[in-house]
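Which chain is which? The protein sequence lines are Z and H, in order. Each residue of the first sequence is one higher than the last, beginning at 1 in this note's numbering. Each residue of the second sequence is one higher than the last, beginning at 516 in this note's numbering.
Because the hints were derived from the structure by calculation, they are not lab data. Built from N, CA and C at the ideal position, the CB exists for glycine as well. Among the hints, erroneous ones may be present.
The calculated lysine to aspartate or glutamate pairs, modelled on DMTMM-like cross-linking and capped at a C-alpha distance of 20 Å, are [claimed, not checked]:
id, chain 1, residue 1, chain 2, residue 2
1, H, K761, H, E853
2, Z, K398, Z, E418
3, H, K766, Z, D492
4, H, K761, Z, D395
Facing chain Z, from chain H, some residues (calculated, C-beta under 10 Å) [stated by the list, open to error]:
id, residue
5, Y545
6, E553
7, L555
8, F588
9, K593
10, G594
11, E596
12, V608
13, M763
14, D764
15, G782
16, D785
17, D786
18, G835
19, R837
Which chain H residues stay away from chain Z? Per the calculated CB distances, all over 10 Å, these [unchecked claim]:
id, residue
20, A583
21, T585
22, G674
23, H753
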Amino acid sequence: MYRIGIDVGGTNTDAAILRGREVVGWYKHATTPEVTSGIVGALSGALESTHMGRADVGAVMIGTTHFTNAVVQRRELSRVAVFRLCGPATHSLLPMVDWPVSLREIVVGHVALLPGGAEFDGQPITPFDEASVREACRRARDLGLESVAVSSVFSPVNPGHELLTAEIIRAEMPGAAISLSHEIGRLGMLQRENAAIMNACLHVLGRKTIAAFRASLTDLGLRCPLYLAQNDGTLMSADFAERFPVFTFASGPTNSMRGAAFLSGLREAVVVDIGGTTTDIGALAHGFPREASVEVEVGGVRTNFRMPDVFSFGLGGGSLVTGEGATLQVGPLSVGYELTARGRVFGGDTLTATDIAVAGGRASLGESSRVADLSGSFIADALAYMQKRVEEAIDQMKLSRDPVPVILVGGGSILVNEQLAGASQVLRPPHYQVANAVGAAIAQISGEVDRVVSLSEVGREEALSVAKKEAVERAVAAGAEASTIQIVDVEDIPLAYLPSNAVRIRVKVAGDLAL
Amino acid sequence: MNEWSLTELDLEYIALGAAILGTGGGGNVYLGKLRGWEQLRAGRRIRIISPEALQDDDLVIAVGGMGAPTVGFEKFEKGDECYRAVRALERAVGKRAVALMTDEIGGSNAIEPMIAAAQADLPVVDVDGMGRAFPELQMNTFFIYGAPPAPGALCDEKGNTVVFTEATSPVWLEKLARAGTIAMGCTAAFALPPITGGQLKAWGVKHTVSQAWRLGAAVIRARAEKRDPVEAILKHEHGQLLFRGKIMDVKRWTTGGFARGKLEMDGLADDAGRALDIEFQNENLIARLDGEIICAVPDLICIVDAESGRPISTEETRYGLRVAVLGLPATPLFRTPEALAVVGPRAFGYDLDYQPLGEYVMPEPKVKP
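Please model the entire structure based on the sequences and the hints provided.
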């Protein structure tokens, strides 16, 4: 059986076909504004590069920036009803209080603060009140709203009130989309609620986009299941993706990191992905991207759902090279997708980072005679400048002072050589140009638990083992092959200023997709 | 009486400066800042007055949040908890407060009294009881110099109020209030025993709201003008740059319910070749340069991001962060033998004598009497 991974980036849509652990074909196609024709182009190009039958394709995995862009550009967003279960708590800050006004006005449909919510130990703040939830549903329905975000205080500890609310919404607002905060974000009420609302506002676009993806597969004669890549390096089914579009945010860097891990065989490393305009650097821990520990802003909104910890800066194959000596600078401005028209070696008159790489003998592209006029010392300075930027960024992302393996991927990785400071070894694996699409193709299925536990009631070992068991159950329910499930991450953090032995436990597991 | 009426930008500055004065702890200022903004947007005012503007027999109440910041980030305030704690305390003593204040300028409690004051239409005094953050109630100048340990008032969001009418010591008040806070769901508002204008002028750490404002303004303006925020802070503050370096390792452990740990850094630029380590218990406690102690509690050890000036809390420290470590002298009120017994190195389990870090210069007030 073959798996096809697709990564929809800002410039290119890449497709890679894998059989087992072998990359048997790949193709790059320009990304198109409506996304799907670029996907079709990349898919058919990759299929033509092999001679396999359509029936041999077991699954297609798509990683896309479509939903992130919709929020950033404020396009095709649905109005949302927000139900917060909080009792008297949290009334000081209403939902969406820290959103940019322009985005809030597009998204806010109705806000209801309702009885319920939980304390840190899971006990209710006030009892759940069915009648007030029904009343809120009726108001939302009368306003014509079809998407509801539900957030309950301490729902990661006790999701009961969110689940009860969902049942009532299903009865009172048939067909409405429901986003429950405990299924999306972590502890930190406002940020988790923000993530749930953001998910809810993408609901119509989610259904439409997934339907278009499905239609593209059908048009190409592919009848296999469709998955979407999530930002933690794992997959969700297309049905699940319709309900959780936010989990696609930042899946691009994640895919390239996972692809780098796969292609190099390394599980602990720093991954440097140099594209046309930017370099993304992330760290692999146990084969997965390390997650950002602080809140991540999306479209100006603070959210706290899982996101890869990625450091990006403006250096890529199309970066402009200006000045000399002390004023020498490479990037952040870039000719981007116009590189092959404006770069010197391609016949243009703009000096780019790629021209320097060619002049310095790191790559043979275009006509090297067109950069013969550059002096040796200038070339050396520019190469050293790029090398140093990348080395500094690698050091920022390292997990410890020890040298780490570094994996170079992306078309722009020709800008640096293998002698990177702070690296124990530097690898440029085969198919490094399409590491992101490979990452989508090999993505796994995960399960996660995040909660606060009082260790005065249960022992630490017992609390951890219960959490691990639940995480495994969640992964299996999401489609993972039980025998392949491994623990990816375990964390227990004592809560400050509290002598009551409360700890926050986070467990994440992942396993191969059961095909 | 002169008043300094805060704008949203002032609150932004104060929140950032308060986080720097939190010396790694003190709780997150983000939600407090948003709640302060909501008060201003509702048309209420946050007015700051000089400590010197108070009469000696005026009643002033310090109020703030108590409990676990992690819990407060999830179950944040209904909105009137601090206000109700102030009113409960006024009823207990039979006298109205003339102004409110914070007992802890470092971290989230810098802003809590401002919210209650906006609701009560009272001014906030440019003063606090620490000039920084500390983990327990008794660690403030008022208790150290003899302010009565009762009454205090504790309120939760559900409408529960507990008034502690008698406590035999500040440590007992801390113990009882902490137990009450846990019962209330690990977050509560606490109004400390009222003090007089005379006590405030004698024992208060003065102009610390102004100091927080100036610190925050220095950082935010330097960022906007692409100048070095660390230089900007040092230009305005009588502190010292202890170290510029990179965090190499973070070790964490817990003792007695407190999150303790140790940071190791290697020097960069002028400090290349040297190593600094910092031990913390919620807040940064002690800094050693190449093994020698250069700064210890109660002096302030503030860690900020070397590039942005953003204060780094002990929870978010990790390998690779480029930081600047600043040492700010503690108030002379914390440098006496009776104060050092409560907030000095020995109070945190270090068998060493406190060596003051430079001379304290009282911050310039933003508002005159």
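Comparing the hints with the structure gives:
1. H/K761 <-> H/E853: violated (37 Å)
2. Z/K398 <-> Z/E418: holds (17 Å)
3. H/K766 <-> Z/D492: The given pair, whose Cα atoms are some 14 Å apart, holds under the 20 Å limit.
4. H/K761 <-> Z/D395: Holds - the C-alpha atoms of Z/D395 and H/K761 are around 10 Å apart, at most 20 Å.
5. Y545: holds (8 Å)
6. E553: holds (7 Å)
7. L555: violated (13 Å)
8. F588: holds (5 Å)
9. K593: Holds - the Cβ of H/K593 comes within 10 Å of chain Z, reaching about 5 Å at its closest.
10. G594: H/G594 check passes; min Cβ-Cβ to chain Z is 3 Å, inside 10 Å.
11. E596: holds (9 Å)
12. V608: violated (27 Å)
13. M763: holds (5 Å)
14. D764: holds (7 Å)
15. G782: Hint violated; H/G782 Cβ to chain Z Cβ min 13 Å, cut 10 Å.
16. D785: Violated - the Cβ of H/D785 stays beyond 10 Å from chain Z, reaching only about 19 Å at its closest.
17. D786: violated (16 Å)
18. G835: holds (5 Å)
19. R837: holds (8 Å)
20. A583: violated (4 Å)
21. T585: violated (5 Å)
22. G674: Not fine: 7 Å to the nearest Cβ puts H/G674 too close to chain Z.
23. H753: Given a closest Cβ separation of 30 Å, the condition holds.
Checked against the numbered hints above, the structure violates hints 1, 7, 12, 15, 16, 17, 20, 21 and 22; every other hint is satisfied.
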